[in-house]
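*Asks:* Sequence:
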Amino acid sequence: MKLPYILLCFLLCCQQLVGAQVDTVEVFSNSMQKNIKTVVVQPTNTTESSLPTLYLLHGYSGKYSDYIQRVAQLQELVDRYQILVVCPDGGYGSWYWDVDGDQNFQYETFVSNELVDYISANFPASSEARYRAITGFSMGGHGALYLALRHQDVYGAVASIAGGVDIRPFPNNWDMAKRLGSYAQNASTWESHTVMEMLHLVGSNPLPIYIDCGRDDFFHEVNLRLHNRMTYLNIPHHYQSMPGKHDWAYVSKSLDFQFAFFHQFFGGSKKQDSHN
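Reminder that position 70 of the sequence shown reads as 58 in my numbering, one-by-one numbering, no gaps.
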């Protein structure tokens, strides 16, 4: 009698250890004429054919595999909340912009157009913006806000983890001058490419926004200023600042909260649908 019980326990443990399904795909970008590697994490044991989707953008010098390699609980979060996660490669220092005259840096078009279409066509992902969200770390945090504000028909909610939400205090850092030209000679271009100066794009029905940055992070001051400006402008948002630095330990901690935030948003949307 004991053997079947032990075997059952073993099988259950194995099932829990398997976790969400992880695939690495190559997505062809027509705008850049190259394949872009992307990690897709799917929940297991789901009956849904149209899952809510979260895009995770990596930071400067990062790559598509960062989150699956560095966030130990990512697969567990995907399974717990039944959210499809997409982690694209954003290039080295792209900041997720389309750079005029540089075919190698058209990452706004790739992430918010080409990749979204590919995921909707090839994975059980909802094609509706209200079931699609985006977040990221550092350069990816700025990229998430930048893309969501410019493509509110694509993303229903947005968050940022230690994002470089105002690029102007850092004119000589992280290849930004290579993409935009020097700040001294191209100030207007920098203004149009920094999240801090894009809040006018928030409409009368604003995106759910979540901003998080560690108190010991070098981006803490610009995140606090963004929070204060949004508060002054009466833009609804959630702001969080916990003890922590600009590292993956903080990212992991933040994602626990952000998955819950997005789950609530996606669940709220579905509840609203059921009453219409």
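Hints should not be assumed to be uniformly reliable.
What the hints assert, rightly or not - Here are the computed lysine-lysine pairs in the DSBU-like style, where the Cα-Cα straight-line distance is at most 30 Å:
(1) 25 <-> 233
(2) 233 <-> 51
(3) 22 <-> 233
(4) 241 <-> 51
(5) 233 <-> 166
(6) 166 <-> 25
(7) 51 <-> 25
(8) 241 <-> 22
(9) 51 <-> 166
(10) 51 <-> 22
Worth flagging that the hints you see were computed from the coordinates, not collected in a lab. Small disclaimer: the values here were computed from a predicted structure and weren't measured.
*Asks:* Run every hint past the structure and note whether it holds.
*Replies:* Status of the hints after comparison with the structure:
1. 25 <-> 233: holds (28 Å)
2. 233 <-> 51: The hint holds at about 20 Å.
3. 22 <-> 233: violated (35 Å)
4. 241 <-> 51: Cα-Cα ~20 Å, so holds.
5. 233 <-> 166: holds (27 Å)
6. 166 <-> 25: holds (23 Å)
7. 51 <-> 25: holds (9 Å)
8. 241 <-> 22: violated (34 Å)
9. 51 <-> 166: Roughly 19 Å between the alpha carbons, so the hint for residue 51 and residue 166 holds.
10. 51 <-> 22: The hint holds at about 16 Å.
Violated hints, in rising order: 3, 8; the structure is consistent with all others.
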